[in-house]
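K.L.:
Given next are the chains, with one letter for each unit.
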Amino acid sequence: MTDSNRLSRRRALQALAFSGAMAALPLARAALTIEIVGGSGREIPITILPFANQERQREKMSEIVLADLLRSGLFRDQTAGWMPRYPSEPEDIDWRNFRNRGIDNLVIGNIVERSDGKLAVRFRLMEVGKESQRTGFSYTIAATQLRSIAHHIADTIYEALTNEPGVFATRICYVVKTGDRFELQVADSDGGNADFILANREPIISPAWSPDGGRIAYVSFEKRKSAIYVHSLADGSRQVLANFDGSNSAPCWSPDGQRLAITLSRDGVAQIYTIAADGTDVVRITNSGSIDTEASWSPDGRSILYTSDRGASPQIYRMSARGGPSERMTFEGNYNVTPRWSPDGRSFCFIQRNGGRYNVAIQEIGSRDAQLLTDGRIDSSPTFSPNGRMILYASEHNRRGILAAVSRDGRIKQRLSESSGSVREPAWGPLSKSR
Amino acid sequence: MKVRICLAVLALTLAGCAGQDVKEQSKAAVEQRDLLESQRKAEDQTRRAQVAREQEELSRQMDEAKRRKAAEQQEPQVKPLTGGGMSERALSDPMTALKDPASPVFKRSIYYNYDQFDITEEYRGLIDVHAQFLNANKSLKVRVEGNCDERGSTEYNLALGQRRADAVKRALAVLGVAPNRVEAVSFGEEKPKATGQDDDSYAENRRSDIVYSGAQ
Chain L
86 MTDSNRLSRR RALQALAFSG AMAALPLARA ALTIEIVGGS GREIPITILP FANQERQREK
146 MSEIVLADLL RSGLFRDQTA GWMPRYPSEP EDIDWRNFRN RGIDNLVIGN IVERSDGKLA
206 VRFRLMEVGK ESQRTGFSYT IAATQLRSIA HHIADTIYEA LTNEPGVFAT RICYVVKTGD
266 RFELQVADSD GGNADFILAN REPIISPAWS PDGGRIAYVS FEKRKSAIYV HSLADGSRQV
326 LANFDGSNSA PCWSPDGQRL AITLSRDGVA QIYTIAADGT DVVRITNSGS IDTEASWSPD
386 GRSILYTSDR GASPQIYRMS ARGGPSERMT FEGNYNVTPR WSPDGRSFCF IQRNGGRYNV
446 AIQEIGSRDA QLLTDGRIDS SPTFSPNGRM ILYASEHNRR GILAAVSRDG RIKQRLSESS
506 GSVREPAWGP LSKSR
Chain C
2 MKVRICLAVL ALTLAGCAGQ DVKEQSKAAV EQRDLLESQR KAEDQTRRAQ VAREQEELSR
62 QMDEAKRRKA AEQQEPQVKP LTGGGMSERA LSDPMTALKD PASPVFKRSI YYNYDQFDIT
122 EEYRGLIDVH AQFLNANKSL KVRVEGNCDE RGSTEYNLAL GQRRADAVKR ALAVLGVAPN
182 RVEAVSFGEE KPKATGQDDD SYAENRRSDI VYSGAQ
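Listed in order, the protein sequences are those of chains L and C. Per the working numbering, the first sequence starts with residue 86, numbered consecutively. Per the working numbering, the second sequence starts with residue 2, numbered consecutively.
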């Protein structure tokens with residue numbers, strides 16, 4: 086544990102004690118609850134049987150896996166109904182029984198408690214029609230890893246049946262504001278395992294995951310002005326990346342993790358710069374007399390999308406990551422901001438003013454046509470899931486900040502809400518390294 | 002009226018006009034009245050948002066007025082311009098002036114239209130007052146804090162708030178306040194003063210505050 090980690094922990098605890106709200110601690114760790122408000126309309130049926138011996142664990146693995154798959158909006162729970170004994174190995178399966186029930190995608194599994202206290206977890210995705218196994222894995226884990234392995238299992242099933250990577254084992258971060266307390270929290274993509282990595286009495290905004298998922302850059306106002314910090318998740322250590330005169334904000338990592346694009350106002354109006362991840366080698370890459378901010382680095386590392394009001398109203402532009410001439414990308418309406426490249430580099434999402442509302446829109450690179458995806462009053466901070474299928478964003482419900490997600494085709498909508506406080510500024514982390 | 006005259010005297014003193022002849026003084030006094038007129042307009046604009054705070058200040062104001070009257074009665078009415086009532090107090094203790102609701106430097110907020118950062122004519126007088134005050138109190142430093150309403154992009158609003166604060170800093174610099182005495186920062190939409198979701202709240206939050214170190 087480094088000094089800075091100790092410091093930030095102590096500060097967090099002091100903030101708690103100072104607010105006289107020690108009871109806030111469990112609330113702060115409360116999971117986001119998820120509510121699906123739409124569906125794809127062509128869901129894949131899936132049958133997940135209880136894993137043998139799973140009732141001896143704190144959480145039932147098959148239920149976590151099923152909840153993950155249903156939450157994607159791409160699956161439908163095809164229950165097998167009660168059975169005197171659920172099969173957990175292929176040789177136990179009465180194929181005809183499942184065929185008669187119209188079941189094709191069948192998941193079985195079991196958990197064995199080993200003498201050293203670890204768990205041996207095994208699961209298989211069976212194809213009933215062919216009486217064969219599509220995929221299957223076994224894991225040896227500590228009991229505390231049960232949830233995250235369940236997410237990995239869900240990812241494996243998802244990928245086998247949709248041919249795209251699953252994102253259940255990924256993590257998200259977001260800011261929770263409760264009273265005048267701000268917490269930067271990290272959670273599983275389903276809102277589980279939520280914990281804060283920083284607690285402040287001053288605002289925190291614009292968290293951005295490093296491409297390897299090991300660090301988060303963010304803007305904190307803890308010095309009564311904006312400064313950019315880089316926070317290492319493994320040991321909680323952090324360093325100031327940029328604290329120049331004026332605003333320091335909008336960090337975005339390059340795909341190789343070597344540099345960040347940031348916005349500084351040290352030379353006048355807010356402009357975009359790049360900076361090495363250790364805080365050295367600051368290079369200015371825009372030169373306008375207007376606001377240039379919200380850089381988003383393309384997945385191939387070559388270009389940057391950003392917001393600029395050089396044309397009187399804020400619009401989205403594209404330029405080389407080394408600077409130079411810019412090309413205007415958005416033309417509909419007079420307020421288009423917060424561009425984010427899709428992981429495949431073929432499109433970008435952003436926020437468009439839509440009458441009096443501010444909504445998430447998506448646009449193909451090379452097209453001038455934007456498609457509106459949401460209809461909240463004020464939606465903001467869109468962030469792609471690392472497989473590009475969903476867009477997580479900040480919205481509001483009953484006058485509280487909440488997180489919501491929408492599929493890139495607009496058909497699936499999810500609402501995530503925290504049990505206390507106002508949630509904002511989400512950022513979806515990368516695919517997990519263990520893939 | 003008495004307060005008016007006191008303020009005019011204060012302005013003369015702040016402007017460093019001590020020792021000038023009577024004609025010069027009255028001209029300056031007229032200018033000061035103009036200044037007060039525009040200042041009063043600015044006050045009207047922000048009146049609604051200030052009502053609660055002003056009510057809190059009311060009893061203190063009355064005490065202050067009594068104290069000022071007593072002080073004026075004790076002091077000679079005819080004095081060189083470096084002396085006299087409130088001006089002397091403002092110079093010797095600028096913090097008192099900053100906390101005095103009757104003082105022109107009590108108003109420290111500039112308001113903006115949606116997605117705008119330029120200082121409208123309405124607030125020129127307020128900037129002038131603070132420039133004069135800072136020029137007369139060289140030890141004081143200020144922070145200008147730019148704010149935005151909650152609509153739109155967090156980051157765009159942070160940049161917009163910075164533009165608002167920077168514009169105030171530049172306006173003060175034009176009037177002779179050294180840039181190293183003014184720190185311009187932005188809170189973007191992160192520290193809304195009004196928490197409603199209506200046009201009045203949004204208008205209240207599109208604001209720069211001039212914050213003197215040590216004064217609220």
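Keep in mind that a hint or two might mislead.
Derived Cβ-Cβ restraints for the label pairs, each shown as a range [to be verified]:
#, chain 1, residue 1, chain 2, residue 2, range
1, L, 417, C, 198, 44 to 52 Å
2, L, 278, C, 114, 39 to 47 Å
3, L, 460, C, 199, 17 to 25 Å
4, C, 180, L, 264, 31 to 39 Å
5, C, 117, L, 417, 51 to 59 Å
6, L, 222, C, 199, 19 to 27 Å
7, L, 226, C, 199, 27 to 35 Å
8, L, 162, C, 198, 34 to 42 Å
9, L, 245, C, 194, 47 to 55 Å
10, C, 199, L, 325, 22 to 30 Å
11, C, 196, L, 162, 24 to 32 Å
12, C, 115, L, 212, 33 to 41 Å
13, C, 192, L, 416, 32 to 40 Å
14, C, 214, L, 367, 42 to 50 Å
To be clear about the criterion: a stretch of chain L counts as covered by chain C if any three or more of its residues have a C-beta under 8 Å from a C-beta of chain C, and this derived list gives those stretches [unchecked claim]:
#, segment
15, 132 to 143
16, 161 to 168
17, 186 to 194
18, 225 to 235
Below, simulated DSSO-like cross-link-like pairs (lysine-lysine); rule was C-alpha separation at most 30 Å, straight line [as the list claims (entries may be wrong)]:
#, chain 1, residue 1, chain 2, residue 2
19, L, 145, L, 203
20, L, 145, C, 142
21, C, 192, C, 100
22, L, 308, C, 100
23, C, 100, C, 194
24, L, 203, C, 100
25, C, 142, C, 194
26, L, 262, C, 139
27, L, 145, C, 194
28, L, 498, L, 203
29, L, 262, C, 192
30, L, 308, C, 142
31, C, 139, C, 100
32, L, 262, L, 308
Hint data in this document are derived by calculation from the structure and do not stem from the laboratory. What you are looking at is a predicted structure, and each value in this text was computed from that prediction instead of being measured. Ideal Cβ positions, reconstructed from N, Cα and C, are used throughout, including at glycine.
K.L.:
Indicate, hint by hint, whether the structure satisfies it.
P.N.:
To see whether the hints hold, each was checked on the structure:
As the Cβ distance of residue 417 of chain L to residue 198 of chain C is approximately 25 Å, the hint placing it in 44 to 52 Å is violated. Range check, residue 278 of chain L to residue 114 of chain C: Cβ separation about 45 Å, and the 39 to 47 Å hint holds. Between residue 460 of chain L and residue 199 of chain C the beta carbon distance is about 20 Å. The supplied range of 17 to 25 Å therefore holds. Under the hint 31 to 39 Å, the C-beta atoms of residue 180 of chain C and residue 264 of chain L, about 36 Å apart, fit the expected range.
In this structure the supplied range 51 to 59 Å is violated for residue 117 of chain C paired with residue 417 of chain L, their Cβ-Cβ distance being about 22 Å. Judged by the Cβ atoms, the range 19 to 27 Å given for residue 222 of chain L and residue 199 of chain C is violated: they are separated by roughly 55 Å. Distance hint for residue 226 of chain L and residue 199 of chain C: a CB-CB separation of about 53 Å, inconsistent with the stated range 27 to 35 Å. Our hint of 34 to 42 Å for residue 162 of chain L and residue 198 of chain C holds, since their Cβ atoms are close to 39 Å apart.
For residue 245 of chain L and residue 194 of chain C, the hinted distance range of 47 to 55 Å is satisfied, since their beta carbons lie about 54 Å from each other. A hinted range of 22 to 30 Å is violated for the C-beta pair residue 199 of chain C and residue 325 of chain L, which are about 38 Å apart. For the pair residue 196 of chain C and residue 162 of chain L, the beta carbons lie near 42 Å from each other, so the given range of 24 to 32 Å is not met. Range check, residue 115 of chain C to residue 212 of chain L: about 58 Å between beta-carbon atoms, so the 33 to 41 Å window is missed.
The supplied range of 32 to 40 Å is met by residue 192 of chain C and residue 416 of chain L, whose beta-carbon atoms lie about 34 Å from each other. Distance hint check for residue 214 of chain C and residue 367 of chain L: the Cβ-Cβ separation is about 29 Å, which falls outside the suggested range of 42 to 50 Å. By the rule of at least three residues with a Cβ nearer than 8 Å to a Cβ of chain C, the coverage given for the segment 132 to 143 of chain L is violated, with 0 such residues. With 0 residues bearing a CB less than 8 Å from a CB of chain C, the segment 161 to 168 of chain L misses the requirement of three and the coverage assertion fails.
Evaluation of the coverage hint for the segment 186 to 194 of chain L: breached, as 0 residues show C-beta separations to chain C shorter than 8 Å, against a requirement of three. Using a Cβ-Cβ cut-off of 8 Å, 0 residues of the segment 225 to 235 of chain L lie near chain C, which falls short of the minimum of three, so the contact claim is violated. Pair hint residue 145 of chain L plus residue 203 of chain L holds up; C-alpha atoms about 16 Å apart against a cutoff of 30 Å. This hinted pair does not check out: residue 145 of chain L and residue 142 of chain C have alpha carbons roughly 61 Å apart, beyond 30 Å.
Pair hint residue 192 of chain C plus residue 100 of chain C holds up; C-alpha atoms about 23 Å apart against a cutoff of 30 Å. Taken as a hint, the residue 308 of chain L and residue 100 of chain C pair is honoured in the structure, with Cα atoms around 25 Å apart against an allowance of 30 Å. Distance check on the hinted pair: residue 100 of chain C and residue 194 of chain C sit about 20 Å apart at the alpha-carbon level, within 30 Å; holds. This hinted pair does not check out: residue 203 of chain L and residue 100 of chain C have alpha carbons roughly 67 Å apart, beyond 30 Å.
Between residue 142 of chain C and residue 194 of chain C the alpha-carbon distance is near 23 Å, which keeps this suggested pair within the 30 Å criterion. Using a Cα cut-off of 30 Å, the hinted pair residue 262 of chain L and residue 139 of chain C is violated, with the two alpha carbons roughly 39 Å apart. A hinted pair counts as satisfied when its Cα atoms are at most 30 Å apart, and residue 145 of chain L with residue 194 of chain C does not qualify at roughly 47 Å. A threshold of 30 Å between alpha carbons decides the hint, and for residue 498 of chain L with residue 203 of chain L the separation of about 38 Å lies outside it, so the pair is violated.
The suggested pairing of residue 262 of chain L with residue 192 of chain C holds, with an alpha-carbon distance near 12 Å, which does not exceed 30 Å. The hinted pair formed by residue 308 of chain L and residue 142 of chain C meets the criterion: a straight-line CA distance of about 17 Å does not exceed 30 Å. A threshold of 30 Å between alpha carbons decides the hint, and for residue 139 of chain C with residue 100 of chain C the separation of about 18 Å falls inside it, so the pair holds. Our distance criterion of 30 Å between C-alpha atoms is met by residue 262 of chain L and residue 308 of chain L, whose separation comes to about 18 Å.
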